[in-house]
Amino acid sequence: MAFNAEIAQNVEVSIKIPPELSPMAQLELMERYTAVHSAPGQTKEGREAACLRVLYPALFRSIEPADLIAGRLDFLPIGFGCVTSVGGVGHYCVFNKLTKFKAQLPEGEQGRVDALYQYWLEHDLKTKYCRDALKDDIVGMFIDCDYPLIATARLSGMMLDYRTLMELGIGGLRRRIKTLQAEKGDSAFYRASLDCLDLFGVCCNALAKKAARGMETAGPERRAELQRMIDALGNIRENPPATFFEALQLFWLYALLAGVINYGRMDDVLGPFLQRDLDEGRLTEEEAFRLLKSLWTMIENRRTTVNGRIIVGGRGRRDPEAADTFARIAMKVAQATRYVEPQFTLRFDRNTPEDIMDAALDTIGQGATYPTLYNDDVNIPAVMRAMRVDEKTAEQYVPFGCGEFVIQGQSTGTPNTCINLLKLLQISLNGGVDPMDGVDKSDGVPLLPAEELDSFEAVYGQYKRLVDHYLDLSVAAQTRSYEIMNQEVSFLFTSILMDDCLGRGKAVLDGGIRYLGGTNETYGNINVSDSLAAIKKVVFEEKLVTLPALRDAANADFAGQERLRRALWECPKYGNDDPYADDMADDLFRFVASGVRDRGIAAGMQYYLIVISNNQLNTEWGRRTAASYDGRHRGQFMNPANNPQGGANHSGPTAMLNSLARFDAGLHGGSVQNIKFTPDFFNNRRDLIKQMFRVYFDKGGCHLMVTVVDRGVLEAAVERPEEYRDLIVRVSGFSAVFVNLEPDIQQELMSRVLYG
Amino acid sequence: MAEKTLLVTEIERSAIHDGPGLRTVVFLQGCPLRCFWCCNPETQPLTPVLLHNGKRCVGCGCCVSACPHGAISLAEGRAQVDRTRCRSCGRCVPVCPTGVNALSGRAMALEEILDIVRRDMDYYKATDGGLTLSGGEPLLQPAAVKLLAMAKRAGISTWVETTAFLPWERLEEAARFLDGLYVDYKHSDAAALECSAGAQLERIEENLRRLASAGAPFTLRTPVIPGFNDSEAALRGCFAFARDLGREEYVLLPYHSLGAGKYKKLGLNPPMAQTPVMKPEALSGFAALGAEYGLRVQIGG
Chain A
9 MAFNAEIAQN
19 VEVSIKIPPE
29 LSPMAQLELM
39 ERYTAVHSAP
49 GQTKEGREAA
59 CLRVLYPALF
69 RSIEPADLIA
79 GRLDFLPIGF
89 GCVTSVGGVG
99 HYCVFNKLTK
109 FKAQLPEGEQ
119 GRVDALYQYW
129 LEHDLKTKYC
139 RDALKDDIVG
149 MFIDCDYPLI
159 ATARLSGMML
169 DYRTLMELGI
179 GGLRRRIKTL
189 QAEKGDSAFY
199 RASLDCLDLF
209 GVCCNALAKK
219 AARGMETAGP
229 ERRAELQRMI
239 DALGNIRENP
249 PATFFEALQL
259 FWLYALLAGV
269 INYGRMDDVL
279 GPFLQRDLDE
289 GRLTEEEAFR
299 LLKSLWTMIE
309 NRRTTVNGRI
319 IVGGRGRRDP
329 EAADTFARIA
339 MKVAQATRYV
349 EPQFTLRFDR
359 NTPEDIMDAA
369 LDTIGQGATY
379 PTLYNDDVNI
389 PAVMRAMRVD
399 EKTAEQYVPF
409 GCGEFVIQGQ
419 STGTPNTCIN
429 LLKLLQISLN
439 GGVDPMDGVD
449 KSDGVPLLPA
459 EELDSFEAVY
469 GQYKRLVDHY
479 LDLSVAAQTR
489 SYEIMNQEVS
499 FLFTSILMDD
509 CLGRGKAVLD
519 GGIRYLGGTN
529 ETYGNINVSD
539 SLAAIKKVVF
549 EEKLVTLPAL
559 RDAANADFAG
569 QERLRRALWE
579 CPKYGNDDPY
589 ADDMADDLFR
599 FVASGVRDRG
609 IAAGMQYYLI
619 VISNNQLNTE
629 WGRRTAASYD
639 GRHRGQFMNP
649 ANNPQGGANH
659 SGPTAMLNSL
669 ARFDAGLHGG
679 SVQNIKFTPD
689 FFNNRRDLIK
699 QMFRVYFDKG
709 GCHLMVTVVD
719 RGVLEAAVER
729 PEEYRDLIVR
739 VSGFSAVFVN
749 LEPDIQQELM
759 SRVLYG
Chain B
5 MAEKTLLVTE
15 IERSAIHDGP
25 GLRTVVFLQG
35 CPLRCFWCCN
45 PETQPLTPVL
55 LHNGKRCVGC
65 GCCVSACPHG
75 AISLAEGRAQ
85 VDRTRCRSCG
95 RCVPVCPTGV
105 NALSGRAMAL
115 EEILDIVRRD
125 MDYYKATDGG
135 LTLSGGEPLL
145 QPAAVKLLAM
155 AKRAGISTWV
165 ETTAFLPWER
175 LEEAARFLDG
185 LYVDYKHSDA
195 AALECSAGAQ
205 LERIEENLRR
215 LASAGAPFTL
225 RTPVIPGFND
235 SEAALRGCFA
245 FARDLGREEY
255 VLLPYHSLGA
265 GKYKKLGLNP
275 PMAQTPVMKP
285 EALSGFAALG
295 AEYGLRVQIG
305 G
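Sequences listed follow chains A and B, in order. Mapping of the first sequence onto the numbering used here: residues 9 to 764, in sequence order. Mapping of the second sequence onto the numbering used here: residues 5 to 305, in sequence order.
Just chain B, same shape as in the assembly:
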């Protein structure tokens, strides 16, 4: 059964930054990384997760009595969620009159997802667009590969936005059904990556080498994060690796803080609350740096 469903965070239609043309992006739950700057923290668990928008709470207490786990209480006129007790069962969602609660992660049948994706078929044809899986790490859920295969059979272009921090077999299998991959290559220093994102560079690089030798159509991207990799040295490392893999293009994504509100809804403190949004112009110097490595650098998705 699980093989025929995916835990979907969100489906975004008319996307224009996640591969060529107009695309439908299916965001999936679950990520093996824990990047401290993550802009989609609700996608990290491989389970549904409660988003609680406390700002809109009117303190009616409906959710308190609805919660079977005793995870919600009223304090100072507002509902408070005890995350150690919350099982993200979702009982508190429909009872709230102001829509404070929402679940991220809904199990959807692959056919159901594909039905939505198919509705923009004409737009894909006109713009070379299609389906993009994102997340989270969209290939973490095994059924994701099935969805890609189904989409390909339906004549839909398929891309993923992946960390490549996966067993090679999963990546290899997915690549058979993919027209393109954006792989986030966040740092070329193993210790820095391990410490800031909890990922092992060795595996990512090994996967990327294999993808390259298999001739897979992938593009490396780096989210440029202040204090982590926004230095010449860090980016030189990234560009050099890309050149070694025979890449000709590279994408730099300026840091943004769109995820800040989501942290609050998860009961967490936004880790980079004080860091302002990075303007694309701030990266033009790095684009010139990329050129030294023979790379055409695109800024922004």
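Isolated chain A (complex conformation):
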């Protein structure tokens, strides 16, 4: 079955903090929500606003003693949201969580949960989508790794136009809507939007009360902090923010209510407030640091795993100097916190101040992993082409989640489809059958058996035909997700701050959004291109083995064929700056990227682009993917992001960077490029590292995520040396590949204090 209500809907890596309300209070709230949802005679917009009033402010948690800004939210198994990471999508029910929740209740009350469960089986948005759009054995739900293609409904990666929020304030937005109502006529969308702004005010009041409660037991310093919170909440309820603190509070509360989990160009939004407060002596840098650190903690505590993007730097900011002041302090916070989230992101170009680039490398060198680096000189022209927008618009690109781009405040880019390109290669060489489970997944595409594929071109051509078919399915699943979401909800808080929803009087997916875009996450890209390179070489050039024999060996996970597996593994591999492998990777990239992009345009989207993401799905999907012709074993992870298969690159960082820089950034909507260094290599010759990166970025490198590894990675390398052939270390003034060292030297290196 393609659909199963109980399946986990996304990969949760971080442990969530349990809700503050008692189980019975949670139950009552979910029942109220369900009652409001089921009330007859409502418009879609009115129902959404009414449902939100059930959730908020009831789900706000108490203010923690260390919080400097107000606003922590809980999520229940039933509620409203945009994304699967916090709650669910639209009016949602997360069935497996509801089942778990049931167990917390006294036995007499458990029947009440069953009633909810039954109601939501018919009304959960994602369930409706799954029943409509999925197809047994072909299109699966998130995250069902037996499928070559998975699809979902969600509105990920919305980065709102907070600049407008800061300029107008809640009151200004309200006046704007009222003017539009007068000009264009009233509508349920405008009325519900006004309801949401009222709800914002109600939440300000509720949080101010929570803060006032905290005053009773607080010392004088904490009282001052709480008073600042109360005053700010009182002001932003209606007015534009007057200070950095108020701006921070306004942004945070709005983002929470909108249910968005990526935040965008905070330096552009908040920098001018920060600079003015610093210049006019209302704020010290130390206090600004404390405030941002508190924001970082709030974001971390939301535990959205691969989201929480805060972006600084880059072109298209209104006041670059003020924004850079923000960026410098944010850099210090990233150094001090070293959280997994926020995913702290630096956009840069040739004009980025040197001290900011140096601070970024210092932060990375201390093991923070952040900031992750985006090259505007490549990305802005690339976004112009990929998304078909002008330069000024492209300057507002922002990466979200696992690396997808959107235009802040102007576009959607949600990755509602993911495709496993490697599974498709195996299916195409097995007459349509997935060797992992023996199920026919050809979906009717006629495929020749391997015995009849007598040239490399025939192999590649057949694969492309199957991929083409799946890309057709993919674009259909993506557009269907928008239609079904739009039937159910308006994402009101989001719509209010996305161009041109208010002006057009339409919700984001109802024709309101300026640029309707989407993304398709592709997996196994490099395993496929390396496999194709190996087939070309071993089968058709060296004739070491026939294609059917290779297919059979891989299907048997190379049992008794270790020699063949080695020969495959030793074929040229992407990541070593070897044209044999890299040309193949580039050719495949062009085929898949253009195929997705062209279909999106044909389907009426502004853009539909591949993204090559960084998350756990390459591992999860790899577990359910048979052995491949690049020498990868059955069940082993697939290549991560746009990187080589673990252990395949062994030619040093310059070779790796040359490979990474190959692909045309104008054809994708984000491609994550990872590189890792040992601390001694990265930190002792920083001058060289800096130049190395500069050359890579000049060569067309769009992105770089630099990991300076810790002891744990070195330990893993001792355990599994074949996966870590790229780790270079310094030993007494010599460089060496870590896994080639003798055990005693490895131990000596690991015993060193890596960083303070």
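In case anyone wonders, no lab produced these hints; they're calculated from the structure. Please note that the accuracy of each hint is not assured.
[What the hints assert, rightly or not] EDC-like mimics (lysine to aspartate or glutamate), calculated; alpha carbons at most 20 angstroms apart, straight line:
| no. | chain 1 | residue 1 | chain 2 | residue 2 |
| --- | --- | --- | --- | --- |
| 1 | B | K156 | B | D183 |
| 2 | A | K707 | B | D126 |
| 3 | B | K268 | A | D752 |
| 4 | B | K129 | A | D695 |
| 5 | A | K707 | B | D119 |
Once you've looked at the hints, dock chain B against the given chain A.
Then chain B, alone, in the frame of chain A:
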């Protein structure tokens, strides 16, 4: 034909210790010295040589039947290589399912080598990096000088790491195409050098004097080896010679045991198995000593 190829041990890209900037180091087979501490023993012969990683052997016997010289047999479930019979033909390399065997030394055309070197051209330009020949004694193979000349013509900076234990003519010819030389000056006592490395100090010193008077850009280096030259007296001798040649800089390389595993793969006993890696800090006293001779001493490459 031989003039257009080189027997290459390994090509290492992104090297940061073998001359200025980011460099590609081409290691070449063949060395006239036999230093007992040698960390690249596989480079010593001027021929390919079999590296046999017995630890990974699963005893399948594939290599036994593949060997045309009867040099491999199974004993105690593992393949054993009889080095007196092995001709390093490499037939045992592709047949091994676990990758136990490898050949050090692959004949590569000069153009093929240069193609790889050229791929990092942009990095060289940004960091004043380039090509470094190392080994072995990289100038032992005559074609090495041709490679240097080709690299120079391609606008690539060229360095070598040499023993200087060569005919002067070879060194002189190479120096015309070199931007820098690291010369290992291992000891200032002729008997000690002869006995521990099999080299004649007289020739090395004579070559160095000539290099100095020709104005060649060379830097002396000493690998500091416990029990051989890690004494004040030995290093004073080195520093004094450097001063006499008008050097201002000197490099001390702390002993390391990275070569230990390679000895095992060559079927030899690691000669210094019990000697721990020397920490760079241990040489700071010698750096101060160098200063007495007017030398700026760098520790490590």
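Status of the hints after comparison with the structure:
1. B/K156 - B/D183: Judged against 20 angstroms, a Cα distance of about 9 angstroms means the pair holds.
2. A/K707 - B/D126: Given that 20 angstroms is the threshold and the Cα spacing comes to 9 angstroms, the pair holds.
3. B/K268 - A/D752: holds (15 angstroms)
4. B/K129 - A/D695: Given that 20 angstroms is the threshold and the Cα spacing comes to 14 angstroms, the pair holds.
5. A/K707 - B/D119: holds (18 angstroms)
Hint compliance for this structure: no hint is broken.
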